[in-house]
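From these two lone chains plus the hints, build me the complex, please.
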Amino acid sequence: AQSVTQLGSHVSVSEGALVLLRCNYSSSVPPYLFWYVQYPNQGLQLLLKYTSAATLVKGINGFEAEFKKSETSFHLTKPSAHMSDAAEYFCAVSEKGSSYKLIFGSGTRLLVRP
Amino acid sequence: EPEVTQTPSHQVTQMGQEVILRCVPISNHLYFYWYRQILGQKVEFLVSFYNNEISEKSEIFDDQFSVERPDGSNFTLKIRSTKLEDSAMYFCASSELRGGNEQFFGPGTRLTVL
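Protein chains in written order, with our numbering: chain L, 1 to 114; chain E, 1 to 114.
For reference, chain E alone in the conformation it holds in the complex (with noise of 0.2 Å):
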């Protein structure tokens, strides 16, 4: 059964250094997501990517946040500069349509900012 995969499944990092996080969304699907969830909160909305552009971000996608998808497959959220607050489990979704249309979400990976 098809699967979005996401790597790696944890990551540790220095505050104030870069990070990528990468996903592979299902093959057939069009459009993709980023979530993240702090411990103990909310599963919350960072971006969504459609026909090679973000289609809508939240207040958390500030600057320090930037998404591509480089080739065909792959999905990459970047942040630039990492804070503590960053430290999160970020899970990336795919969808084939828009709408009613199931999200596929990703294993996750944790990020521990330090």
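Looking at chain L on its own, in the form it has when it is part of the complex (with noise of 0.2 Å):
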């Protein structure tokens, strides 16, 4: 069965700051992976996606991430960290199926200092 582990429920870094929110994944066959941020009271937005083309992903908002195969990995970054940035971030993975279904990690919280 598919999963997906986020390590650190919150992160919290100085405005300015390198971001980096983890992210791996189990999956038996190459997976869909993506990253959705949450803003309070707000729906899930996309932030970007891997779906086995690139394995570094350029998202919005200058969040990147890189797929490693080797490592089930599936981690976000961002150089500098914006105060607009906090929020909380899910990694998901969909799986070649019947019906490409998501399946979330926990979330971590970024809190970014001022």
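Any given hint could be a false lead.
Label pairs and their computed distance ranges (CB to CB) [stated by the list, open to error]:
#, chain 1, residue 1, chain 2, residue 2, range
1, E, Leu97, L, Thr77, 23 to 33 Å
2, E, Thr5, L, Ser84, 21 to 31 Å
3, E, Glu85, L, Arg109, 44 to 54 Å
Coverage of chain E stretches by chain L, computed from C-beta distances (three or more under 8 Å per stretch; other residues unrestricted) [unchecked claim]:
#, stretch
4, 43–54
5, 73–86
6, 105–111
Derived SDA-like pairs (lysine to any residue); straight-line CA-CA distance at most 20 Å [said to hold, decoys possible]:
#, chain 1, residue 1, chain 2, residue 2
7, L, Lys58, L, Thr77
8, E, Lys42, L, Lys58
9, E, Lys42, L, Leu111
10, E, Lys57, L, Ser99
11, E, Lys78, E, Glu96
12, E, Lys57, L, Gln2
No wet-lab data here; the hints were simulated from the structure.
This one's a predicted model, so the numbers in the text were calculated from it and none came from an experiment.
Each residue gets a CB set at the ideal place from its N, CA and C atoms; glycine is no exception.
What follows is the structure in structure tokens.
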């Protein structure tokens, strides 16, 4: 069965510092991988996705993620955090199948200190 | 920009009552999903819907749950007899295609069962 593990329920960085949010997945076949962001009282917004093309994926708001098959990882990074990046971030996997449902990790809340 | 909408934003009901959560997916999308997020927990898949039938459902989606696309625009989730443990945020999502195609999420309906 597919699963997604996000290390660290809370990550705190200073404004301008590197953001690194970790995601590891388990899947029996090459998956599709996604990062979604959730701002308070809002729905989930796609940041970026990996669909078996380039392993380094660039998304919105300066975020990027690298698919590493050998490590079964899809960590999210941003070189310089901004106050507006404070939100909850969810990694998700979708495996080829009947409906391509999303399996989410437990989420990481990013706090950005001024 | 097209978006998924959900009504109501908040729903409070008594245990044992029926509730219907409504969603309007993006108009040219073909695949529809319901997810839920219990407070403090991860987002969980409930059901996927395509071509007027359920394509996949989770263990959570028991006989108390049903989905329907009554017309060309609405997509509804019905809970026949609500339980306390049904209290959660319910998200509707839609996508144009399956696979690596992005699922667009609505803002959610917060259901509180008393």
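Each hint tested on the structure:
In this structure the supplied range 23 to 33 Å holds for E:Leu97 paired with L:Thr77, their Cβ-Cβ distance being about 28 Å. For E:Thr5 and L:Ser84, the hinted distance range of 21 to 31 Å is satisfied, since their beta carbons lie about 24 Å from each other. For E:Glu85 paired with L:Arg109, a C-beta distance near 24 Å fails the hint of 44 to 54 Å. Interface restraint, the stretch 43–54 of chain E with chain L: holds (5 residues with C-beta to C-beta distance below 8 Å; minimum three).
With 0 residues bearing a CB less than 8 Å from a CB of chain L, the stretch 73–86 of chain E misses the requirement of three and the coverage assertion fails. With 4 residues bearing a CB less than 8 Å from a CB of chain L, the stretch 105–111 of chain E meets the requirement of three and the coverage assertion stands. For the given pair, L:Lys58 sits about 10 Å from L:Thr77 by alpha-carbon distance, which is consistent with the 20 Å threshold. Taking the CA atoms of E:Lys42 and L:Lys58, the gap is near 25 Å; set against the 20 Å cutoff, the hint is violated.
In summary, the hint linking E:Lys42 to L:Leu111 is supported, as the alpha carbons are separated by about 19 Å, within the 20 Å threshold. Simply put, E:Lys57 and L:Ser99 have alpha-carbon atoms about 9 Å apart, close enough for the 20 Å limit, and the pair holds. Under the criterion of a C-alpha separation no larger than 20 Å, the hint pairing E:Lys78 with E:Glu96 is inconsistent with the structure, at around 24 Å. Between E:Lys57 and L:Gln2, the direct Cα distance comes to roughly 15 Å. Compliance with the 20 Å bound is thereby established for this hinted pair.
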